[in-house]
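Given the coordinates of chain A, work out where chain B should sit on it, guided by the hints.
Protein sequence lines correspond, in order, to chains A and B.
Sequential numbering of the first sequence, starting at -15, is according to my numbering.
Sequential numbering of the second sequence, starting at 163, is according to my numbering.
Each hint should be verified, as a subset may be incorrect.
[Unchecked claim] Calculated lysine-lysine pairs in the DSSO-like style (CA-CA distance at most 30 Å, straight line): (1) A:Lys483 / A:Lys530; (2) A:Lys585 / A:Lys483; (3) A:Lys165 / B:Lys334; (4) A:Lys145 / A:Lys156; (5) A:Lys532 / A:Lys561; (6) A:Lys43 / B:Lys181.
[Said to hold, decoys possible] To spell it out: a stretch of chain A is covered by chain B in this simulated footprint if at least three of its residues, at any positions, have a beta carbon under 8 Å from a beta carbon of chain B; those stretches are: (7) 338 to 351; (8) 416 to 422.
Hints were generated in silico from the structure; no laboratory data involved.
Glycine included, C-beta positions come from ideal geometry on N, C-alpha and C.
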Amino acid sequence: MNHRSRFVLYVLLLVASASYAQASNATLSIPATTSAINSSSPLSERVVHYEIEARYDAKTHTLDASEILTYHNLTGQAQDTFPFHLYLNGFQPNSTWVREARREGSRGEGFDRWDSQSYGAEEIKKFEVVDQGDLTSQLQFIHPDDDNKDDKTVVQVRLPKPIPADGYVQFKITWHDQFPKTVARTGWDRDAVLGGQWFPKIGVWWHGAWNCHQFHAYTEFFADFGVYDVKLTVPQNEVVGASGIETSIVKNSDGTKTVSYHGDDIHDFVWTASPHYRDYFDTFQSSMGPVRIRIMMQPAHWSQVGRHDHILKETMDRFERWYGPYPYKTITVVDPERGSESFGMEYPTFITAGTRWLEPDGLHFEVDETIEHEFGHQYWYGMVATNEFEDAWMDEGINQYTQDKVMSSIFGPSTSALDWWGVTGSEDGENIFFILGLADLDPIARNGWQYANSNTYGAITYGKTALVLRTLESIVGEDTMQQAMHTYFMRYRFTHPSKEDFLSNIEQVSGNNLRWYFNQAIYGTEVLDYGVWKVSSYPVDWYKEKLKEKKGQTEYVSNVWIQRKENFVTPIDVEIKFDNGEKVREHWDGQDRWVRYAYQKKAQVESVEVDPDHRYLFDRNNFNNSYLVKPKSSAAHKLENYWIFVSQFVAQFLAWWLV
Amino acid sequence: MDGRESLISAGASAATRNKRFIVWFFLLNLLLAWFGAAAFTANARSILDHSLYADKLLHGFDLAVFLEMIRRPEFGSARSSTAPSTLCAILFLLASLLFMPGVLLGYSSDHRISREEFFRACGHNLWRFVRLFVFYALIAGITAGILFGIQGALVTAVDDAANDDRLLFLTKALSIVAIFLISTAIRAWFDIAQTDAVLRDQTAVRRSITWAFRTTRRNIGSLLGTYILIAVLGLIVITAGIVIWHAIVPPSSVLGAFLVSQATLLLLLTMRFWQRASAVAFCVRQAADFVLPVREPASLEVLVISKS
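Just chain B, with the same shape it has in the complex:
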């Protein structure tokens, strides 16, 4: 990696070199969501497939007809539709936790890591990542609780006192931005800690957390700037995707809607992987003692072949 390159472009290069990670995670995301939607689809089909009234949902989206559908007894309870999707979202979360070490290893490498290296990294770091997740959940949860508590009190105070709802809106917006910034900083801190745990092969995750905290604090400007910029791009991506979906895709085009929505989600996922790749690039520059994967020499391959 070029030390003069900005974090953003270094991250972009690493993410581009390892597109397959994004593609696999995207496919997993899609597959799980599709499984999760099976109950909803079956319920909807039982009501819509033989009814002309369904045209109001196909050639447009009549909200009252949709609500009428989900309130039909034959549609089943809301839980029967939402529970599988929730479960699949949690599965995606767990899968992300499981496979992220391999992704981080891949981003730190200047070559395409092998499948074995990928899965070895995943298995090797699983327990560390679980512990990091617990630490993160505690720190981020407590911080978010405090921040949202302060925000609630602030908003209530402004709501009680101010007649002008622009002031209330401004209060809400600024406090949300503040919470977002702090949350992003914590996320970046733990992204660095995860990277450290993988690349330094750090057994004691508290050392990774401590090192990551110091390093993040020292470089908060560049790191947070990178994360925020990519997050804003993510926001633009999702907004643009929905605008395009609404403006270009005819209401009855199921395939068109599928393609636009999935392209949007693929790009959104890319943004997160871009952040990850940027964090890896940042770590590699910060620590010289990382054990980066190296390309194995060709003679070794010959040796292996001759052994077999």
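Bound conformation, chain A alone:
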């Protein structure tokens, strides 16, 4: 056979095999099921269908499982390379996750010393591609973010035959999990387990490339929408909860039971099991249909189930009215084991909270806020599925902003975070405290794993974003902002919007060009700090001897200096109050470093306030925003009294016990 003949034969074989592949894959599809949603048709462009069968060994905290993953190639081009997340491999001493956590800390984990119970693993035993054979030996760990050769959280496979655009491919994967003692929202505590990020999950084709980042200490997740059918086999004494709806429970002869779940239009699947959970059920009436609320409480916390239910329903009500409907048929709230690292986490249709036996009602920043926040993620992450690796602020920060709104609406603006024994705290105040001292280290728009440290990640993605959006609300108007958020949700739900999608949506709805603001607040690290520099008033006739000043008769020259102390430039209002009660409002464009206002009146300046309507919430120093000419020491004396009381008490206590 000459070269030409060989070539023709090769081409014919290739065409034949491709046709065969397409013909065989033509039978594949992603199911158009709707049993888990209050909709008669699918809500998302479904890319994946996971069919998982897993058996959990509660004694060894291990899991053996297999999945059939059907992937619909909607990338617009043929694909022969597919990356998968193996998140549980992040909990190994030399993984990128642990290295970053050791370097910067992560959610209470410092890793000063390695605890063998923190070990987690996700080991693929067999990797098969339907019609292409066993490719286990072809699997290759990749490290797209930091080139850490020891990191095994992303594995890639190259197929012998590419999958054409709009074609399907089916992966059959068998694997073994070792769960860690809860780290980063997954693992076991005592005899309970929370299975998060526990199965091989395919990456997302996004903006013309695979987006499948390694597991990092601060960042979360990103995945495509689809359908999940999961069968979990656990000991019969376990109470099981999971994403989606429960479809069946079968008791097995070996003392186990198999619980089946189905989820539509979700992009992740989590489950939990414990012999101790006590269930509470309720219903929330969404505009799309009834939502079954399931609250899985620790028995010791049962007295707080009403509180959990109340805050959840109040939150759902506001999200429904303000942003859009909740389309799923279930929402599960889990009260995890005491001291568990799995508290306060979101998964599709499933959230974890966390409380204590003695939990005062007024500490809203604990259980109430956690439930509100995690439910908010059903919208900002669950449905509006932003890239949590690259745009952490778009789920955490936007969610923090809506948390501020919802909590203020439920508990009042000044007591939304804390209202206990006369001590109060607002969500805004909490966020301001978050960003103090960290406001200029990182811009909001930054890859999650590239923040300076875990503190700036938390402060900027959560706190600063919320304050920037609250401030934006006062710039464009509260109603306009609410309309923009509603539009954003309705337009981008069940998609993966980018930061520009969010920002341009606000510009579009408000009809304003807000680039000047976004460039500084979102893309830049500019710090906002306007302050009253100095104030003076003196009589016009100051030079006259024996001048007698009379209130209301003597004329004064007054000067007020306002300073822009940092580099965030914005127009700002100033209010000057005179001692005859007169108030004057000035508007400064803020371009220069300072401005002076001069007045000649039969009154002296009593006080000056920059930003009197409190529109700019991320001002670094709120104390210098105003100046009272005559000092008022009452507040300081009140604190002094507290300080003296505590000092005396401590001294008495020491003397009581030691002398």
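Here is chain B on its own, set in the frame of chain A:
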């Protein structure tokens, strides 16, 4: 002292007869705390006095605003505020050590002891009290270390095993109560030893400690009962004071808060002096050989006057 009177009421009578001790100690406590707060106040005033934002602390107590204030660079370091207060608390501790012998002498007396007697007792017993303090610190410190170690291990074991946090709470609460009882018994033992050292004019403090140990052990029920009852009253006082402060005093009333807080602390201090007075009453009943202060005869005064 009436031998049929209960320790509680005998202690109350002695403490009431000698109110001035409580008042002086209270004033010292207040004065030292006020000195200690000077740095904190100056730091706070530099930030708050000219700012309208301070209203959030005056008409309420916004925790975030308070935290924002103490994190301002111009507020200075936390150490600059806490160090003077800590020092003043230690000074109060030392003052208590110095003046307690005079107080004990006063409680043992059926009349108002003179200033000279008071200070003579203080000076005379200072070194004994220092030695008693060292013994107490050793015994109480070692005991507390062991007890807290056991408690820590117990709590960890329960925490690891039990899903129900009520059990953990119960474990913590019961172990704290046990530690409190044992610590109170040790405190009572050394209160008796101090009283013995003063009233018996005991040079060798180890004898006072030994005698006090035996006596306390023999009467542990009545003595511990008295101490615990008064301590529980102290707990009620501080709780009630804070409740009243919170419920009645408007947030912006600095004077109201000052009066309620100081009244609470005065009553709390009274409880400790009540315990002390009860310990003295107990000792006086136990030992007949105590040298109690006696009222000097009037003729002696005349004699003194005529001498001068």
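Hints, verified against the model:
no.	hint	verdict
1	A:Lys483 / A:Lys530	violated, 67 Å
2	A:Lys585 / A:Lys483	violated, 51 Å
3	A:Lys165 / B:Lys334	holds, 24 Å
4	A:Lys145 / A:Lys156	holds, 16 Å
5	A:Lys532 / A:Lys561	holds, 23 Å
6	A:Lys43 / B:Lys181	violated, 66 Å
7	338 to 351	holds (count 3)
8	416 to 422	holds (count 4)
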